[in-house]
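The primary structure of each chain is shown beneath.
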Amino acid sequence: MNLQAFVALSPLLVLSAGAVVLMLQLAVKRSTTRAYYISLLSFIGAGAASIWALPATPLQVTPLLLADTYALFFSLLFCFCGAATAAISRDYLLQKEGQNEEFFLLLILSTLGALTLVYATHLASLLLGLELLGVALYALIAYPDRGTLPLEAAIKYLVLSGAASAIFLFGFALLYAATGALSYDTIGQAALAATPHNAPLMLAGAAMIITGLGFKLSAVPFHMWTPDVYEGAPAPVSGYLSAVSKTAVFAAILRWWLQSELHVFPSLLAAVALLAGASMLVGNLLALLQENVKRVLAYSSIAHIGYLMIMLVASGVAPQPGLAIEAACYYLVAYAITTLAAFSLLGLISQDSGDVDRDQLKHLQGLFWRDPLLALLFTVALLSLAGIPLTAGFIGKFYLFVGAVDQALWGLLGMLVIGSAISIYYYLRIVYTMTRPQENTVDSVIRTSLSGRLVVLSLIIAMLYLGVVPEPLMGYLRTIL
Amino acid sequence: MLMLQLIIGLLLAGAVAWASERWHVNAPRWVSLSSLTLASLYLLGAVASIPAEQFSLVPSADQADTWLMHYQAQWIPRFGISLELAMDGLSLILVLLTLLLGMIAVVSSWDEIKQRGGFFQANLMWTLTGVVGVFLALDLFLFFLFWEVMLVPMYLLIAIWGHEGRSYAAMKFFIFTQFSGLLMLFSILVLATLNHQASGSWSFSYFDLLGTAIAPDMGLWVMLGFFLAFTVKLPGFPFHTWLPDAHTQAPTAGSVILAGILLKTGAYGLLRFAIPLFPEASMAFAPVAMALGAAGVVYGAFLAFGQSDFKRLVAYSSVSHMGFVLLGLYAWNTLAIQGAVMQMVAHGVSTAALFMTAGALQQRLHTRDMNRMGGLWENMPRMGACAMFFALASLGLPGLGNFVAEFLVLVGLFQVSPTMTVVAALGLITAAVYSLSLMQRAFQGTPDRNLSVSDYQFREMCAMAAMVIALVWLGLYPQPVLDLAQPVIDSLILESAP
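Protein sequences, first through last, are from chains A and B. Residues in the first sequence are numbered consecutively from -15, following the numbering used here. Residues in the second sequence are numbered consecutively from 19, following the numbering used here.
Just chain A, with the same shape it has in the complex (with noise of 0.2 Å):
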């Protein structure tokens, strides 16, 4: 380890030394405010670290990590999506009674795990990542304590989440039982030159990597616990969860599903592709029917996976994967700003409600006369999340489009035609109750904090700067692939 190692890693040495800085804080004197400011400074400071760290790359610290620019890429973002979750956060907090401060800690915790990820190149590493990851968000999950929603909500996604990760630890033996590695590019070597001797074991192996992972990204079939946890947890958490967590766990994915060339199967490609089709359909037909828009942001996601998912079946049938990483990655971005935008809206609303969100649609009614500035924020993030033009969103898709059509995909494209269809249907059900006049029965005022809707302007300026001019990003995507 020399001094450009640890200029390399200092995104994660930052939001370390955050966490504990944060730990003696609390030693010392309990503030949530303190704390706030704290885990924003962590942010920050590992997110301008990853900028800073550009001139080191690429570079291999360790046989356990990479640092390089996509590594340092997702950083940024996820620095991004955390400050952003912990400046809602704050003002939701700070209504609710209770000790608030371990939440900021839980935050910088879970962010790390994602950061692990993005850097992991070995199943060790990604285990790690995933294990920080999940369960600094069990308790993120259960935070507000009253209530048994967010707790039925924690154990759904605990219980489930161990199974996951039983199940690819075990894929991780079966590969390393094939291979006698656990480095993705040492895997690699050993897929490329599969026998029938040791194939089948890396391929049940490979399986239950996606089988466990696909659990993590809800994608269908593994999706069951995804409504229930986003219903029970906080907004905020909802949507860190939503653009956060399965924005790294796809981004680690993507990065193991090609150095370990995996993607030589065609059976696994088969069921990749299976998942991303089976996704897309289910997420979206079940979305249509949720009264809680919460329930509804949740099947979404699960259709957003799906499309997602195609990319990584374009990347493993081209021979030149850079369109598809390109693709996932702008997806990726749009995504996680999208969706954390909507949740953040969502937990804006929800500030002076005690101890239940305001997440039903009727809550909605009528928020285009109360707060014109709230709905119509609201309006473009769902119609960004539906893939109309001039959004982030859009380009997004277009972007899934073009890599789909370059691979010739006629089937997946097909899929993501009709889901994008249906899925009109429950965004804009979300914007027509915004638009019905207000009735009685919901809160005539609902105030929200300056700073809360600071953030959320914010979220939804950078979506339509993406969405209007998304050559910059683009650029950019490009030189670092």
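One thing to keep in mind: the hints can contain errors.
Facing chain B, a subset of chain A residues (Cβ under 7 Å, in silico) [stated by the list, open to error]:
# : residue
1 : E275
2 : V389
3 : A405
4 : L457
5 : M458
Derived from the structure by calculation, the hints contain no laboratory data. Think of the CB as a built atom: it goes at the ideal place given N, C-alpha and C, for glycine as much as any other residue.
For this one, chain A is given, so just place chain B on it according to the hints.
Frame of chain A; chain B shown alone:
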């Protein structure tokens, strides 16, 4: 540059109209009306300064200066996407129609919208922005962007200010258009990818994609993506089912815009993109398309006759009239296309007027049911006379614009398929049946002496007069419109020649 200013100006006007609600309740509609007037004057002024011989030049793909106006700026170089706007005679006609009907729409909704007038006007202006963009964009990515963007404000217009069944109608409208739009996006991308594979560089420019070589069987599928998107919008039989709902439930201004302009984007798309981009596939497909058109003519007229809802009747009559457009376009000769272009303009005006009548009736009688009307001529002679005029226009009375249009389509079509012509000509008879039945059920019969309703006022008469003049002019002296469209049609036929 002027075209970009026009689009941005309309966009901003919408925002200003929304914001101006704070100053005065009436401010938003004045903002919309004046900005539309200004935009029209600005456009006319700029067009007047173009030398006359430019109008007779055949616009060519490789020479930007053969177009009336052409503007191009880099936007997303990664995929060769640019802000490419261009205007030829066809676009000019349609943009002028858009601005004119935009003004009519503002006037027709003057008193109707009591709630949130600012946001209403904003959505109206944004819809018009999208439509103008569609008529001007020559980059396929940009075209698709405008195509989708105009949906959202239109959706809001129906969903917020519509009638009793607005939720269902607005949703149906959006999903139909969005689904077919995604198919078009898919086709655009296949085309661009083929071009990329052939030439090594990305481009979405119309000119670059025009000559893309495509295998015949694949060409058919890709063409279908475009065809579906445009036929749903047109709407062609059997994809018309969204239209009666959307038209009936939309507020008056929404119906005017929807029938007058939004449907024409479908026709424009077929003429500009679907057929020239895939000439062989389109020619192979033409019999099917013409059959759909003829079926639409007859079926729409048949259903129109069966309606008792005033607006629904007019909506189905649109299906019938747009069938002529489909027929004219796929007959693909100069006369038939001239007729289709003429029909776009004439139908836009006559249907807008009929929807305005329906809106005025609804506002006064609180019903659209013709069984509850009758003898209204007695109560509102001015409205009756106007309605009579536009009903006659709609049934194709010689001397008015619609007759010229349908006559040209039939003459052109006869050279290609006499059978289709016979079927389509039936549409002229059925049109007379439903138009006259509309007049009889609503305006003739026993009047209700106790009914006290106000007739058309000055504002409404002005709008009606403008449309009457337009139709008479189109009927008696259609040559200027035909002259404007002629070079464009020449170039399109030239480009798609094998």
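(message) When the structure is checked against the list of hints, which entries are broken? Sort them ascending.
(response) 1, 4
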